[in-house]
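Visitor: Chains as they are written, first to last, in our numbering: chain A, 13 to 109; chain B, 169 to 758.
Some hints here could point you the wrong way.
Each computed SDA-like pair below joins lysine to any residue, with the alpha-carbon atoms no more than 20 Å apart [unchecked claim]:
#1 B:K259 - A:D26
#2 B:K267 - B:S289
#3 B:K259 - A:S103
#4 B:K496 - B:F562
#5 B:K352 - B:P384
#6 B:K259 - A:R80
#7 B:K259 - A:A33
#8 B:K259 - A:G45
#9 B:K420 - B:F562
#10 B:K267 - B:R189
#11 A:K54 - B:M294
#12 A:K54 - B:V290
Because the hints were derived from the structure by calculation, they are not lab data.
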Amino acid sequence: MNTDDVFEREIMVDNSMGLHARPAAQLVRIASGFDATMSVEKLDEDGEQADCRSVLSLLMLAAGKGTRLMLRASGPQAEEAFRAAVEFFESKFGEEE
Amino acid sequence: MALPTQTIQAIAVSPGIAVGRTMRVTGPARYCEPEPRRIDDAEIPDELARYSSALSLTRNQVVELRQEVRDKLKAQDAEIFDAHLLLVDDKAMTAEVEKGIREKHYVAEYALYLATEHFVSVFSGMADEYLRERASDIRDVAARIFANLTNIYAHNGEIDLDDRRIIIAQSLSPSETAKLDPAKVLGFAVVTGSATSHTAILARSMQLPAVVGLPPELPERLTADDKLIIDGFSGKLLINPDARTEEAYRLKLAEAGQLRTQLESESELRPETTDGFIVQLAANLDSPDMVDEVKRSGASGIGLFRTEYLFLNRQTLPDEEEQFEVYKKLLVACDNAPFIVRTLDVGGDKFSANIYRSNESNPFLGLRGIRLCLHERRDILETQLRALLRAGVFGTLRVMLPMVSSVREVIEVRSLVSQLQQQLENEGREFVSNLSLGIMVETPAAALMADRFAPLVDFFSIGTNDLVQYTMAIDRGNERVAYLYRPAHPAILELIRRTVEAANRHNIWVSVCGQVAADAAMVPLLVGLGVHELSMTPSAIAVVRRVIRSMSMYEMEQTALAALNCTNATDALAVSEALLNLRAPEIANI
Numbered sequence: 013m014n015t016d017d018v019f020e021r022e023i024m025v026d027n028s029m030g031l032h033a034r035p036a037a038q039l040v041r042i043a044s045g046f047d048a049t050m051s052v053e054k055l056d057e058d059g060e061q062a063d064c065r066s067v068l069s070l071l072m073l074a075a076g077k078g079t080r081l082m083l084r085a086s087g088p089q090a091e092e093a094f095r096a097a098v099e100f101f102e103s104k105f106g107e108e109e
Numbered sequence: 169m170a171l172p173t174q175t176i177q178a179i180a181v182s183p184g185i186a187v188g189r190t191m192r193v194t195g196p197a198r199y200c201e202p203e204p205r206r207i208d209d210a211e212i213p214d215e216l217a218r219y220s221s222a223l224s225l226t227r228n229q230v231v232e233l234r235q236e237v238r239d240k241l242k243a244q245d246a247e248i249f250d251a252h253l254l255l256v257d258d259k260a261m262t263a264e265v266e267k268g269i270r271e272k273h274y275v276a277e278y279a280l281y282l283a284t285e286h287f288v289s290v291f292s293g294m295a296d297e298y299l300r301e302r303a304s305d306i307r308d309v310a311a312r313i314f315a316n317l318t319n320i321y322a323h324n325g326e327i328d329l330d331d332r333r334i335i336i337a338q339s340l341s342p343s344e345t346a347k348l349d350p351a352k353v354l355g356f357a358v359v360t361g362s363a364t365s366h367t368a369i370l371a372r373s374m375q376l377p378a379v380v381g382l383p384p385e386l387p388e389r390l391t392a393d394d395k396l397i398i399d400g401f402s403g404k405l406l407i408n409p410d411a412r413t414e415e416a417y418r419l420k421l422a423e424a425g426q427l428r429t430q431l432e433s434e435s436e437l438r439p440e441t442t443d444g445f446i447v448q449l450a451a452n453l454d455s456p457d458m459v460d461e462v463k464r465s466g467a468s469g470i471g472l473f474r475t476e477y478l479f480l481n482r483q484t485l486p487d488e489e490e491q492f493e494v495y496k497k498l499l500v501a502c503d504n505a506p507f508i509v510r511t512l513d514v515g516g517d518k519f520s521a522n523i524y525r526s527n528e529s530n531p532f533l534g535l536r537g538i539r540l541c542l543h544e545r546r547d548i549l550e551t552q553l554r555a556l557l558r559a560g561v562f563g564t565l566r567v568m569l570p571m572v573s574s575v576r577e578v579i580e581v582r583s584l585v586s587q588l589q590q591q592l593e594n595e596g597r598e599f600v601s602n603l604s605l606g607i608m609v610e611t612p613a614a615a616l617m618a619d620r621f622a623p624l625v626d627f628f629s630i631g632t633n634d635l636v637q638y639t640m641a642i643d644r645g646n647e648r649v650a651y652l653y654r655p656a657h658p659a660i661l662e663l664i665r666r667t668v669e670a671a672n673r674h675n676i677w678v679s680v681c682g683q684v685a686a687d688a689a690m691v692p693l694l695v696g697l698g699v700h701e702l703s704m705t706p707s708a709i710a711v712v713r714r715v716i717r718s719m720s721m722y723e724m725e726q727t728a729l730a731a732l733n734c735t736n737a738t739d740a741l742a743v744s745e746a747l748l749n750l751r752a753p754e755i756a757n758i
């Protein structure tokens with residue numbers, strides 16, 4: 013496995029309450045479960061970035077519904093971490109029917 | 169290092185003497201801006217290590233706390249601590265603090281302070297209300313880390329001590345004070361507070377000597393090596409006194425103990441003046457556990473049962489059955505001695521989210537006491553009155569209404585009572601048909617209109633703490649006007665005189681249930697003005713009984729008359745103190 017690979021993909025915050033405290037905390041748990049560095053970048057003029065292992069930095073994005081983010085992962089377990097995170101976003105954080 | 173010998177003049181809030189060593193206390197919710205001290209390059213690794221060990225200590229504490237909450241309460245309530253744990257371990261936070269230490273050479277405390285304020289300001293500025301509220305979680309966690317860093321004892325309620333100590337703190341909340349264990353705490357001295365704050369009231373009822381108004385920087389300078397004496401009479405805090413001074417205070421302490429034992433042995437004696445007038449001495453009851461203490465004190469009954477404790481600090485409101493059981497039990501315990509219950513008095517500084525959310529800019533002048541119960545939460549008043557009407561058959565129940573300012577309020581309650589009695593009748597339940605109903609006289613309006621209220625009620629109970637606040641126009645929590653808090657002020661005495669006069673004309677009785685009833689120097693004035701009953705914290709009854717037994721009604725009346733004609737509170741009090749020192753000089757030292 014090539015540890016230099018960077019996984020990247022644009023994702024959208026799609027639940028009505030946005031990336032609030034509970035999903036942020038869950039994302040931190042997901043990111044902390046793998047040997048990988050993972051971040052999200054806000055795709056707007058500010059281009060603010062957040063470390064997926066920090067609740068504070070995720071919350072500081074204030075990413076409401078409809079926010080477009082660039083998810084990036086690198087490191088030995090980048091692929092696994094990336095898949096888990098994408099799945100979490102696509103499930104709308106498991107919050108909506 | 170111990171401080172040099174010195175005496176600090178603070179404000180006396182709870183009488184008594186305490187001699188012992190220092191225990192400095194800070195709560196987890198309070199942390200203040202630390203010194204922005206800089207460190208050398210060489211100190212950086214140590215500072216980083218110190219921060220990291222404070223973090224792991226904090227982590228363990230939060231995990232323990234979460235477990236405790238899970239065991240005691242619901243799993244849901246423990247979730248907040250999951251969030252706190254994530255914050256303790258938060259990479260962005262840690263990175264910010266380490267940056268402050270490494271790059272700006274700040275001590276860990278200050279680096280933590282800067283990082284916290286940074287995140288708090290970002291969150292406080294967010295548009296989303298939910299996220300804005302996270303600022304308080306950040307502060308909470310930071311305060312825990314802070315306490316571990318500075319090695320100040322951070323307590324979660326209980327204060328654990330191996331020997332009895334004197335507590336030193338910036339401030340103590342009423343709930344922190346209530347949790348102080350008298351077996352471990354000798355007394356306390358704090359920076360903020362006043363003689364009429366709830367903390368001070370609790371200190372007196374727990375018989376803990378206390379002073380407030382220390383210089384703000386003093387608590388940080390005191391350590392466990394410092395020996396202290398609290399003089400709760402004169403308001404002095406003595407730091408590392410010389411051997412002679414300490415000996416003198418220990419002697420005083422021993423004498424006061426003997427006198428107290430002597431006075432308590434007099435609990436069977438009648439509270440009768442030397443010329444044969446009897447003054448009823450009743451007890452204020454804050455919680456049902458105090459009933460035994462009340463009985464030992466020889467009180468004639470309960471002059472004030474505050475029902476707030478039934479309602480505050482809980483998720484749901486007590487229903488009729490729960491209240492009925494509490495009132496019934498207490499009435500039975502009183503064994504036909506009078507038992508005066510005050511209906512719920514929330515508002516002002518006592519609030520509970522499940523009763524009423526206030527956004528008033530001045531809640532003490534807002535929807536408080538009977539106003540709240542008649543307008544916003546009539547349901548609460550109805551439930552409480554139903555429970556009281558039913559429990560009343562088990563003893564001598566009297567009910568009084570707080571914060572009354574207009575006659576209409578009494579009329580409304582009277583008609584509500586009749587409706588409820590009709591309801592109970594229809595349900596075939598037992599209830600009291602002639603409820604004894606009184607009002608608290610704690611607004612100038614009630615005192616000035618006493619002759620209009622008197623025909624409608626069965627008694628008056630003067631609540632001096634609020635009467636002073638509203639008459640003198642001073643916020644009880646504002647230390648800058650605390651000097652105006654003078655119950656002996658001739659304006660207050662005049663309001664009491666008018667109230668008593670109106671009561672006498674209509675043949676009803678008057679009690680004083682504020683804190684001044686327990687103040688030996690105020691007793692001659694109150695009794696001299698013609699008050700029939702004094703209700704106080706049970707521990708004060710022994711002293712007040714001695715005061716009354718040592719004077720004649722005639723001289724107390726003359727003293728009250730002289731005080732009424734004084735131009736200020738200091739002179740009025742001096743008149744009364746002169747009589748006290750003449751007739752009961754031993755009281756000055758207890």
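Visitor: If a hint holds in the structure, say so; if it doesn't, say that too.
Guide: Evaluated hints:
{"no.": "1", "hint": "B:K259 - A:D26", "result": "violated, 26 Å"}
{"no.": "2", "hint": "B:K267 - B:S289", "result": "holds, 18 Å"}
{"no.": "3", "hint": "B:K259 - A:S103", "result": "violated, 26 Å"}
{"no.": "4", "hint": "B:K496 - B:F562", "result": "holds, 6 Å"}
{"no.": "5", "hint": "B:K352 - B:P384", "result": "violated, 25 Å"}
{"no.": "6", "hint": "B:K259 - A:R80", "result": "violated, 23 Å"}
{"no.": "7", "hint": "B:K259 - A:A33", "result": "holds, 16 Å"}
{"no.": "8", "hint": "B:K259 - A:G45", "result": "holds, 15 Å"}
{"no.": "9", "hint": "B:K420 - B:F562", "result": "violated, 45 Å"}
{"no.": "10", "hint": "B:K267 - B:R189", "result": "violated, 39 Å"}
{"no.": "11", "hint": "A:K54 - B:M294", "result": "holds, 16 Å"}
{"no.": "12", "hint": "A:K54 - B:V290", "result": "holds, 17 Å"}
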